[in-house]
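Residue numbers (UniProt numbering), protein chains in the order written: chain A, 1 to 349; chain B, 1 to 297.
The hints are simulated quantities; they were obtained by calculation from the structure and are not laboratory data.
The structure displayed is predicted, hence computed values, not measured ones.
Cβ atoms here follow ideal geometry from the backbone N, Cα and C, with glycine treated the same way.
Some hints could be false.
Here are the in silico distance ranges between beta carbons for each label pair [said to hold, decoys possible]:
1) B:F5 / A:L150: 49 to 59 Å
2) B:D124 / A:P28: 34 to 44 Å
3) A:P104 / B:F5: 31 to 41 Å
4) A:E201 / B:I145: 52 to 62 Å
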Amino acid sequence: MTPKQFKQTLLAVLIATAFLLPLVVQSPTYLHLLIMLYLFAYMTTSWNLVGGFAGVLPLGHSVFVGIGAYISTALWLQWGVSPWIGMLAGGLVAAFVGYLIGKPTLKMRGAYFALSTMAFVEGVRVIVENLDYLGPLKLNGPRGLNIPPLSPGEGGFWAFQFSTKEPYYYIILVMLIAVALLTWYISRSKLGYCLQAGGEEPEAAQALGVNVARSKVVAMVMSSFLTALAGTFLAQLTLFIYPKSVLTLDLSFELAFIALVGGRGSIAGPILGAFLLRPVSELSRIYFSDSLPGMHLIIYGVILIVVMLYQPRGLAEPLGRLFNKVAAKFTSGGSSETPGVTENAKEGA
Amino acid sequence: MDFVFLLQDVINGVLMGSIYGLVALGLTLVFGVLKVINFAHGSFIMVGMFVAYWAVALTGLHPYVALLLVVPAMFFFGYASQHWLIRPIFKAERDVREPTTVIIVTTGMWYVLDNLALLLFGPDYRALTPNPLKGQMLELGQIFISVPKLYGAVATFATCAGLYWFMQKTRTGRAIRAVSLDRDAASLMGINQWKIFNIAFGIGTAIAGIAGVVLTPFYNVYPSVGVPFDVKSFVIVVLGGLGSIPGALVGGIIVGLIESLGPMYMTATWTEAIVYGLFLMVLFFKPSGLFGQKHDW
Numbered sequence: 001m002t003p004k005q006f007k008q009t010l011l012a013v014l015i016a017t018a019f020l021l022p023l024v025v026q027s028p029t030y031l032h033l034l035i036m037l038y039l040f041a042y043m044t045t046s047w048n049l050v051g052g053f054a055g056v057l058p059l060g061h062s063v064f065v066g067i068g069a070y071i072s073t074a075l076w077l078q079w080g081v082s083p084w085i086g087m088l089a090g091g092l093v094a095a096f097v098g099y100l101i102g103k104p105t106l107k108m109r110g111a112y113f114a115l116s117t118m119a120f121v122e123g124v125r126v127i128v129e130n131l132d133y134l135g136p137l138k139l140n141g142p143r144g145l146n147i148p149p150l151s152p153g154e155g156g157f158w159a160f161q162f163s164t165k166e167p168y169y170y171i172i173l174v175m176l177i178a179v180a181l182l183t184w185y186i187s188r189s190k191l192g193y194c195l196q197a198g199g200e201e202p203e204a205a206q207a208l209g210v211n212v213a214r215s216k217v218v219a220m221v222m223s224s225f226l227t228a229l230a231g232t233f234l235a236q237l238t239l240f241i242y243p244k245s246v247l248t249l250d251l252s253f254e255l256a257f258i259a260l261v262g263g264r265g266s267i268a269g270p271i272l273g274a275f276l277l278r279p280v281s282e283l284s285r286i287y288f289s290d291s292l293p294g295m296h297l298i299i300y301g302v303i304l305i306v307v308m309l310y311q312p313r314g315l316a317e318p319l320g321r322l323f324n325k326v327a328a329k330f331t332s333g334g335s336s337e338t339p340g341v342t343e344n345a346k347e348g349a
Numbered sequence: 001m002d003f004v005f006l007l008q009d010v011i012n013g014v015l016m017g018s019i020y021g022l023v024a025l026g027l028t029l030v031f032g033v034l035k036v037i038n039f040a041h042g043s044f045i046m047v048g049m050f051v052a053y054w055a056v057a058l059t060g061l062h063p064y065v066a067l068l069l070v071v072p073a074m075f076f077f078g079y080a081s082q083h084w085l086i087r088p089i090f091k092a093e094r095d096v097r098e099p100t101t102v103i104i105v106t107t108g109m110w111y112v113l114d115n116l117a118l119l120l121f122g123p124d125y126r127a128l129t130p131n132p133l134k135g136q137m138l139e140l141g142q143i144f145i146s147v148p149k150l151y152g153a154v155a156t157f158a159t160c161a162g163l164y165w166f167m168q169k170t171r172t173g174r175a176i177r178a179v180s181l182d183r184d185a186a187s188l189m190g191i192n193q194w195k196i197f198n199i200a201f202g203i204g205t206a207i208a209g210i211a212g213v214v215l216t217p218f219y220n221v222y223p224s225v226g227v228p229f230d231v232k233s234f235v236i237v238v239l240g241g242l243g244s245i246p247g248a249l250v251g252g253i254i255v256g257l258i259e260s261l262g263p264m265y266m267t268a269t270w271t272e273a274i275v276y277g278l279f280l281m282v283l284f285f286k287p288s289g290l291f292g293q294k295h296d297w
């Protein structure tokens, strides 16, 4: 068995394990934690398309989560349109907004882009909090929207409402695998190379005929579309959305944190980051929130600082190297220090 | 009568706006020299407010005496955080075009500082006691001017003047300006850029401390008090031009005026939307801000 085969086998085993996990994990609490983990891995992978490959730092992706959540919910509440269709509609609107906001801002330098996306979130939140209706769409201001739960038997696939957690688990797992595959495909496509070139050396890339600005906007449009899908999923999972739950800087920042701790610009990075950071924030919140208020965010902040100090490019790289060593030991192939192997290795982790 | 109201609001807006300018001044200085957005700036203001609060609560001295404690303490705090936390990342990211990792570190500092304050002092809103300036008003005909806000505005202009003098007349100030223009050329001329970064960051933090002290007599102190100032000062520095000192002052006064005049014509939350709208407009049409130069970094 070559190291490559070993990795492919391991990846298959990991994905299979993920699919079989609900058979073992019966507790709704733990299933919910896993669902949130996958959801954040999904959102960060979508973020990574523009934040990782294009080398800019968007801090406004919660706007797209909010668009996805609000549009599908309003369509369902007002006209009974299935959230699956609403999901698509939300995605398309988000893609359009992503285009409008990305076109002028992506030309800016890093600091300006980060700040303008931040101001965008705050502006949209203030507007949503002040409007009961946006055209025909009901927003309900700061009170938010409540999706009334359907009685058992009435719900089901079309309504995107399930009485148990398992269907949500499988939906988000499939979404996560799909977005990881898409990222993998893009990273090996012309667009991916253009983005990476433009992120590292914009002038040189431009001189070689790469349309840096355009490829960044394309990445932004795709990223906003995919992020909005997560918004619909979140709305259907919690059945309640309000401006401070989806349109916050906290959510936007968390996506950036997960990507940077994991390793931006790689496929495994965002997923790895979510698996490392989400449990920390969830568990420390559960254990410390009563006795030591604020402790969980102190731990979170310290982890951010320490990881950035010692592994400024994220944890995917050193962990990938470690994994390669282990893989080399298990297989007959000696050294496996080939570039790009890191990404392949942990894709489905 | 209407005119008096308008004048009253304009005066309030200018006073509060110049304090916003003071808040943004430290941020813009750090950005001008290090090209880094310091997300922990609001937390530094919070730290300054808590130090001032405890200094007054424990000793009963006049609130502004706390400046003697806050300014040097905050300077060394900023100096040390730059030296131990930001510099290593800077060095690691030397060849990277847009050093965004530093943003994450300063955000981590923001989380740690705000929540450390929450852990130590709880979430309560505290008002300064004893507060000799509480509710003091200067009466000019029909117009009332809040005395602590007036002192705050005075502190802003004094700090600006002091900073201007320091940057123009001292050797260190000249070195800071040289590093902010071209750090590599400055290094070749024998300037230790890392030390200059430390000093600039220290000064920026000390200015946040001054803002904290002048805010304490009329503003509640609580662990997340810095957050609204944080977001507001980003808006202000972009309005005025990142890195520009007069820009911070003018941007602050613009935001202060919008905030104080806006509620006459609309609800307060829409005023907030106007501030963000203006921010985005400036970004789109004049990204270098009102006083900024066309940067290439």
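Results of checking the hints against the structure:
1. B:F5 / A:L150: 49 to 59 Å: With Cβ atoms ~54 Å apart, the hint holds.
2. B:D124 / A:P28: 34 to 44 Å: At 36 Å between Cβs, range holds.
3. A:P104 / B:F5: 31 to 41 Å: For F5 (chain B) against P104 (chain A), whose Cβ atoms are near 38 Å apart, the range 31 to 41 Å holds.
4. A:E201 / B:I145: 52 to 62 Å: holds (55 Å)
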